[in-house]
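K.L.:
Spelled out from the first residue to the last, the chains are:
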Amino acid sequence: MNPDNPKMGFFETIANIDRRVIFLFIGFAVIIPVLLSFSCTEEATPIVQAVYDEIESLPEGSKVLISFDYGPSTVPEVQPMIDALLRHSCEKNLKMYMMALWGTGHNLISESMQDIIEKEFPHKIYGVDYVNLGYKAGNQGLINVILTDMKKMYTTDARGSEIDAVPMMVDIRNLKSFDLILSMGGGFPGIKEWVLFGGDPGNIPVAGGATAVSAPLLYPYYPRQLLGLLGGIKGAAEYESALIKGYPKFKTHSHPAIDMMGPQTVAHIVIVFFIVIGNITFFIGRKREEGEKREGGVIK
Amino acid sequence: MKAFSYSFTFYCLLGLILLATTDGLAQVESSDSLLSPLLPPSEVIAEDHPGDAGAAIIVRWKLSPDEDRGVTGYEIVRSTSPTGEFSSIGFAAAGSNRYVDANTEDSLTYYYKVLAIDVDKNVSESELSPPARSSPQWFNFHLLNLLIIGGLICGAVIYFIAHAKKGKKLFLRKIAGLEAVDEAIGRATEMGRPILFIPGILDMDDVQTIAAITILGRVAKTIAQYDTKLNVPTSRSIVMSTAMETVKEAYISAGRADAYSDDFVHYVTDEQFGYVAAVNGIMVRERPATCFYIGAFFAESLIMAETGNAIGAIQIAGTAMPAQLPFFVAACDYTLIGEELFAASAYLSGEPKQLGSLKGQDVGKIIAMSAIVIGALLETFFAISGSSFFGSLAELVHKLFSIVAS
Amino acid sequence: MRRQIPVVITFIVGSVLIISVFIPHKPFGQLGENFSVYFDIIAVFAFILGAGNLLRVHGNRIYKKHKDWPYSVVTVAGFTVMMIAGLFKIGGSPGITGDLTEPGSMFEDLYMYVFTPLMATMFALLAFYVASASHRAFRAKNKEATVLLLAAFVILLGRTPFGVELTSWLPDPLSFLEIPNLASWIMSVPNMAGQRAIMVGIALGVIAMALRVILGVERTYLGADSE
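Chains as they are written, first to last, in the numbering used here: chain A, 3 to 302; chain B, 70 to 475; chain C, 238 to 464.
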């Protein structure tokens, strides 16, 4: 604080507030709503509804390729999307082909299969209704190869079974054999690579889910090249809401994204608050500076 | 999407009828289904999928006249003989009139039928398609427009590179971030602190990483002259070996081979956030005076740049990832935006041939801007006047700049 | 010679890959795929280079008791434990085809209970840094910054149910002024227009850069001065 001008010192302190104070506020803004189970309702926006409608319109037995293009870091944001999409696909009796362009996606496929398909839809048969193709290195190069020949890269599934011994793989030749590609993650390689190297050249519908940070980058592809997008927790929450609206029985299932919207809302409000404070102190500071200028004060 | 809009229209129409004749719907449906069976799709045509390496046949048909009476989709069946057994190969949603069979052998002849299926699971089979056989093509005509436009741009770049050999001086606007490189390196030298260079988190197959390494080469040459410590943590092994070689050469060409150390460039991890944790640790412990973030970045951009800001480093960033630009702009002193990243190495080199390529790039910009203006004007005229002349011209421009899979 | 060969390889591979986009027929159509596979094979072997470098750099630091050497011990220990757990499939089915991710295997446990929370923590830092960066950056210093500030406000509020409630009282003819609709408009019109312009510029930059590399005008990345 400036001892010569305590008032100005106060505004200076606020204007140059230590970032750790902001961190503390954000921490509380998240923790308190979590403890109080504060949540909000969501309505699906057109970009999310488009993904829901596409899955809803697919006939029974349609083939959906789900690419787990993310890692543990983004699990809290992306996993709720995967859970909701898997539930929806299972409910519609679609065939789910799960693969990963990210090494870290391999384990996440196993976890999703255990937590959603095996637990909630025990009648689904591995190899007939869903398959884990695992991780393959190659990024966009891999997409490039499987666009024309799937089995060139996938000779076995993740469990080591010969690929042609997996019943649902028999009539899969390349990417064009799929009715829909879902890429989950939004990083590299991810939705953009699926659109550019898979969806566009093969004329295959691509949709996906991305973290809130990556979502704006993908907007230019919507709706022509990317039929829909779940952006961040909000996108996931909107999809969960659409699913509950279409299939009310899922209301009793976990809906982590809807639950997380409460803390996110409060955190956004805290950020807005700090922006307002930042601007108020900025204007006051500028006014004082102008005043000093008029009085012939020294300006830094 | 198209299928969705058709079925949506269908349900809207159904809803309207329901409103108008409150209890009439069930009667209409049942009397209809009693009176006429489900009509099949017609005019099924199967032909080789054009512009590919073979192994695909495209099947087209005319929708069932009962499309609006509850058709839920079409099942496509095929056989290698007109009298043989037909097996199902896939489904198409209601409203769609094409299906690509990407599972064919080029040596075999195929016959197709399309089955309409309604809500009550009634099935109605089309006539047999003419025989079809898939084959590979020597040129993908769907990409002709790409070849022409790409050829024009590439031609312009090559022309200006060749033209620049004659030594004609080219005007290049100043790029603040690059003008500040010397100042930033000088500051680190004065403070006796190291310089941190992050070449993004992607591999050498990404052009942004190549751009980053070329900039590193030029920056390293200046650093070698100033005798300041350089630290380049990498997240890919190939980037590490390339960067190592580049920095070594830069030191040799600056005449400071003695000052070079293999420890300048080191591998950390491929894992995105593991890499961020390591880089942040280096920043907090070594407190570099200058940080360069040049290359491809994702969510880690702000975490690194904010930490750099907190330790008071001069920060110069450059990326072609549009989603990360706002973060760098907010947290760094200078940011090379998109194309500036690719222009940077040419700019720093000052070589006429490299600068010539930038001039060629401008031809591409003129093409893009003209297309945008002409397209927008034609669409606007069409919307105002409804004239089919403007409509078809707008469609032509649209097609010229679209890559359409058949 | 040492620099000529890589330039020639770059020129041939670059040209062939461009041609293969337009010619789907064998052998061109296959070449793009094959080069992708070659890159993967090289990248896999390059992992050995990376791991070797990591161990050399950190081993040296420990040996020479370099400043902050305990951090290097953590790095080397983490690397070794994870590699042994993965290679020897401790606690899981043995053999080359044994599943690494089998429940109960040491690799799976390390992944689930150490790696996953650590990575999620790093990503979560972003929320804190976004708050501090926006507090510093979003100041109405001039007209442009004011527009940016207003847009940020609308988007932040539009992403929350609070924003929906705030303007839900507006009559239907003014519904376009509701915050979620304004947020959606900002994202899909001005934001998208700006993003596309940047992307067009980037695409052209990539073309010029790629041509400089293919034609051998730019060679810095090969550890050589430009031509």
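Rather than coming from a laboratory, the hints here were simulated on the basis of the structure.
A couple of the hints might just be wrong.
Unchecked claim - In silico negatives: residues of chain B with every beta carbon more than 12 Å from chain A:
(1) 127
(2) 148
(3) 189
(4) 194
(5) 294
(6) 437
Said to hold, decoys possible - 27 Å max Cα-Cα, derived DSSO-like pairs, lysine-lysine:
(7) A:138 <-> C:378
(8) A:289 <-> C:378
(9) A:65 <-> B:190
(10) C:378 <-> B:243
(11) A:251 <-> B:190
(12) C:301 <-> A:289
(13) B:298 <-> C:302
(14) B:190 <-> A:94
(15) C:304 <-> B:317
(16) C:301 <-> A:153
(17) A:138 <-> C:302
(18) C:378 <-> B:298
(19) B:434 <-> B:237
(20) C:378 <-> A:295
(21) A:154 <-> C:263
(22) B:298 <-> A:65
(23) B:434 <-> B:235
(24) A:295 <-> C:380
(25) A:126 <-> B:317
(26) A:126 <-> A:247
(27) C:326 <-> B:243
(28) C:378 <-> B:317
(29) A:65 <-> A:247
(30) B:317 <-> C:301
(31) C:304 <-> B:298
These numbers come from a predicted model, not from an experiment.
Backbone N, C-alpha and C fix where the C-beta goes; we use that ideal spot for every residue, glycine too.
K.L.:
Hint by hint, which ones does the structure fall short of?
P.N.:
Checked against the structure, the hints that fail are numbers 1, 7, 12, 16, 17, 18, 22, 25, 27, 28, while the rest are satisfied.
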